[in-house]
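Start from the sequences and build out the full structure, keeping to the hints where you can.
Here is how the chains run, residue by residue.
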Amino acid sequence: MKKIGFLVEGMKCGACKGKIEKSLLSNENISQVEIDLDEKSVILECADDTSTIEVKTSIEELGFSIPKSLRV
Amino acid sequence: MLINVKVSGMSCASCASSIENEVSKLTGVNNASVNFATESAKFDVVDSEVQSAVEEKIKQLGYEISFENTEIKEKNNGIKLFWVSFIFSILLFSLEMGPLKNTFKLQTNYILQFLLALPVWIYIGNKFQRSLLAFLKTGRSNMNTLIGLGTSAAFLYSTFITFFNDLSISWGLTQKVYFEAVGFIISFVFLGNYFEEKAKKKSKDALNSLLKLSAKNALVLRDGEFVEIDISDVSIGDVIRVLPGGKYPVDGKVIKGSSAVDESMLSGESLPVVKNIGDKVFGGTINGDSAIEFSAKKVGSDTFLSHIVDFVENAQNNKPEIQRYADKISSYFTPAVLVFAFLTLVLWLSFGSENIWGNAVSNFIAVLVIACPCALGLATPTAVVVATGRASLKGQLIGGGEVLEKACNINAIVFDKTGTLTEGRPQVIDFNIHKKEDENGILRDVASIEKLSEHPLAKAVINFALERDLTLIEPDFFEIHKGMGIEADINGATYVIGNKKILDKFEIKLDEEKSEIVGSYIYVAKNKEFVGKLIVGDKIKSNAKSMIQNLRDRGIETWLITGDNEIVGNAVKNELGLNHIRANTLPIEKAEIIEEIQKKNFKVAMVGDGINDAPALAKADLSIAMGTGTDIAISTSDVTIVKGDIEKVVSFLDLAEGTMRVIKQNLFLSLIYNTLLIPVAAGVLVIFNGPMMPPVLASVAMGLSSISVVTNSLRIRNLI
Chain R
1 MKKIGFLVEG MKCGACKGKI EKSLLSNENI SQVEIDLDEK SVILECADDT
51 STIEVKTSIE ELGFSIPKSL RV
Chain F
1001 MLINVKVSGM SCASCASSIE NEVSKLTGVN NASVNFATES AKFDVVDSEV
1051 QSAVEEKIKQ LGYEISFENT EIKEKNNGIK LFWVSFIFSI LLFSLEMGPL
1101 KNTFKLQTNY ILQFLLALPV WIYIGNKFQR SLLAFLKTGR SNMNTLIGLG
1151 TSAAFLYSTF ITFFNDLSIS WGLTQKVYFE AVGFIISFVF LGNYFEEKAK
1201 KKSKDALNSL LKLSAKNALV LRDGEFVEID ISDVSIGDVI RVLPGGKYPV
1251 DGKVIKGSSA VDESMLSGES LPVVKNIGDK VFGGTINGDS AIEFSAKKVG
1301 SDTFLSHIVD FVENAQNNKP EIQRYADKIS SYFTPAVLVF AFLTLVLWLS
1351 FGSENIWGNA VSNFIAVLVI ACPCALGLAT PTAVVVATGR ASLKGQLIGG
1401 GEVLEKACNI NAIVFDKTGT LTEGRPQVID FNIHKKEDEN GILRDVASIE
1451 KLSEHPLAKA VINFALERDL TLIEPDFFEI HKGMGIEADI NGATYVIGNK
1501 KILDKFEIKL DEEKSEIVGS YIYVAKNKEF VGKLIVGDKI KSNAKSMIQN
1551 LRDRGIETWL ITGDNEIVGN AVKNELGLNH IRANTLPIEK AEIIEEIQKK
1601 NFKVAMVGDG INDAPALAKA DLSIAMGTGT DIAISTSDVT IVKGDIEKVV
1651 SFLDLAEGTM RVIKQNLFLS LIYNTLLIPV AAGVLVIFNG PMMPPVLASV
1701 AMGLSSISVV TNSLRIRNLI
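Chains as they are written, first to last, in our numbering: chain R, 1 to 72; chain F, 1001 to 1720.
Misleading hints may appear alongside valid ones.
As the list claims (entries may be wrong) - Restricting the straight-line Cα-Cα distance to at most 35 Å, the calculated cross-link-like pairs of lysine-lysine (DSBU-like) are: (1) R:Lys40 with R:Lys68; (2) R:Lys2 with R:Lys22; (3) F:Lys1501 with F:Lys1541; (4) R:Lys22 with F:Lys1482; (5) F:Lys1212 with F:Lys1643; (6) F:Lys1042 with F:Lys1619; (7) R:Lys40 with F:Lys1509; (8) R:Lys56 with F:Lys1505; (9) F:Lys1501 with R:Lys12; (10) F:Lys1533 with R:Lys56; (11) F:Lys1436 with R:Lys68; (12) F:Lys1509 with R:Lys68; (13) F:Lys1528 with F:Lys1505; (14) R:Lys40 with F:Lys1500; (15) F:Lys1025 with F:Lys1006; (16) R:Lys3 with F:Lys1500.
To be verified - Here's a subset of chain R near chain F, in silico, CB distances under 7 Å, partners left out: (17) Ser51; (18) Thr52; (19) Ile53; (20) Pro67; (21) Lys68; (22) Ser69; (23) Arg71.
In case anyone wonders, no lab produced these hints; they're calculated from the structure. Virtual Cβ for every residue (Gly too), placed ideally from N, Cα, C.
Okay, here's the thing in structure tokens:
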């Protein structure tokens, strides 16, 4: 298990949050997702071989942008 | 609406021009163009009612039309008729002056000759006598009229002597029959036509081999199984399997498998192209070593191959300006020859000293037979057909004779930069890592980090790493600095990658020698220390330099007009040695610049990509569109170079010059034949105590003139 964190821009409300959670959890490698709207952070717990870039792309495809990752 | 038909029964260029003239006179016909060499015609008519009027008119003129414009029809009874008439002629010859001469009484001999000559004259020579009748009725003449008149004159004169011998003696007619001349003239015209047909067919080889490229059947998925069906039953969306070594039946997109495909028949490039899922494939190309499944996107007359065939057929109907002079000459030719022949007859009858009637008739026939304008009619079209056809097999689509003619006068060529002189896609053109770092290790890390970016330059770096077979890895931490670059932790090190600004931000000292290379610089720092750089740019095509040099050696001014800035433009100009440059231009301004150059009395050719440069291409005197690497398409330009091989600009100019040279030789040859030999046939040499030309020899000379012209045109095949 490892943790990956992103700074995600464009999340405004619970609906955005729900959309990202739902999308990420549909990936079987990802077991838990924590989203903080104030901090603009998305932190997820996932299998060790999960690709950071793939997760980044899947969030970006929902219409958000990710300028940086977070050290978690 | 445009109608394309095949017209058979034309014997020379005057037939073609008389069809053109007559059909254009019909109301509702906007344009008519008839090509004698390809036996095809193109009419622009208002509606289908006019179309049937056109068909009616052509039939009325004595020609046949058909719509099957795919495979060129073989008709080969000409050679059979030649043999029959030749054997009759040999018998006639032996009765007249050979071994059988004294076997019979003179009267019986003549009657036998009459019986042998009759079928040759009226049956085998039917088309000549028919066109003589048409001439008597309508006054329209062509080459067949001349042969008809010549052979009929010989036959009727001889018949009169045979059956009204006493009367002919009392009228003072020379007691000689010309039955054997009737036989030999008709034989040799047939033999000449046969060789001419053969050579004409050869000139159409290229088009036929394009037609032969298309597959007959396709393996199509139907109810879960692949079944072989006729290509005409394939529809859009069908899943088609192509076996190793098999032919792609239609155009489409690969959905399963990967294979190297030989596309040389369409693009002229001999290297096979690797096709993966999502790539386009084209009907007529040949599959490599593994099976591929693809979904049909274009079928029937919509495939790229069909478009090429259409294009080439149209091109072969397009006449150069020089041809119009030849057509004009030949349309006056037959009437002029008729006048000249009668003049010969009259002059011999008035001023001849002995054998008056015999010499008069013999020379009259010789003039008619030798004066066929066929060679004149074949001079240009056969050359155009060979040139455009051959070029199409080498990946150059040339719009016709007019284009070849224009190309010979070009003295300035304007090039677009991106995609024309350069490859047209950003790629790493320079990579150097100094210090004692591992080059491939750094490249792998940098490319892995670039995967986070969506910048177009990033793709070039990633491709560069993949080309070196490096496996990309995952970064641990990253931050994208907009307009500067990326900072990331990967493989236990911290990288800063981007332009000068990001190095400044992280206070990293840039330590490099000044570089002259024009492109986008990507600096790389590892653990806060500058380690090297990559330069991404648009690579100049490898053969562009020798091409420009060649054009300059020919005395052609070369221009570069680009939308890029002056630094980038000048770098390309200096590297390649072009004469002039205009940078920072919009597509529409390119057209204005071309106009400026034209005002300085230059004939300007524009070489660019068919889409962005459309206004400039339209403005130029000659437009050459470059196809790009992956998508091949025919543009409306004068010339399309199917795959962007820039060197073909030079080979096109060579072909154009060579073709025009052959056309001029042909016209010279045929005019010489006609103008020199007609007086000889008329018996002018007799004035200087020279020989007369027997009618049989005249028919041999006539055949040779056409054959020599067509054979000369076939030499163009060696030019490309």
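Against the structure, the hints come out as follows:
no.	hint	result
1	R:Lys40 with R:Lys68	holds, 11 Å
2	R:Lys2 with R:Lys22	holds, 19 Å
3	F:Lys1501 with F:Lys1541	holds, 32 Å
4	R:Lys22 with F:Lys1482	holds, 29 Å
5	F:Lys1212 with F:Lys1643	holds, 22 Å
6	F:Lys1042 with F:Lys1619	holds, 27 Å
7	R:Lys40 with F:Lys1509	holds, 33 Å
8	R:Lys56 with F:Lys1505	holds, 25 Å
9	F:Lys1501 with R:Lys12	holds, 32 Å
10	F:Lys1533 with R:Lys56	holds, 27 Å
11	F:Lys1436 with R:Lys68	holds, 30 Å
12	F:Lys1509 with R:Lys68	holds, 24 Å
13	F:Lys1528 with F:Lys1505	holds, 11 Å
14	R:Lys40 with F:Lys1500	holds, 29 Å
15	F:Lys1025 with F:Lys1006	holds, 20 Å
16	R:Lys3 with F:Lys1500	holds, 33 Å
17	Ser51	holds, 6 Å
18	Thr52	holds, 5 Å
19	Ile53	holds, 5 Å
20	Pro67	holds, 5 Å
21	Lys68	holds, 4 Å
22	Ser69	holds, 5 Å
23	Arg71	holds, 6 Å
Checked against the numbered hints listed earlier, the structure breaks none of them; every hint is satisfied.
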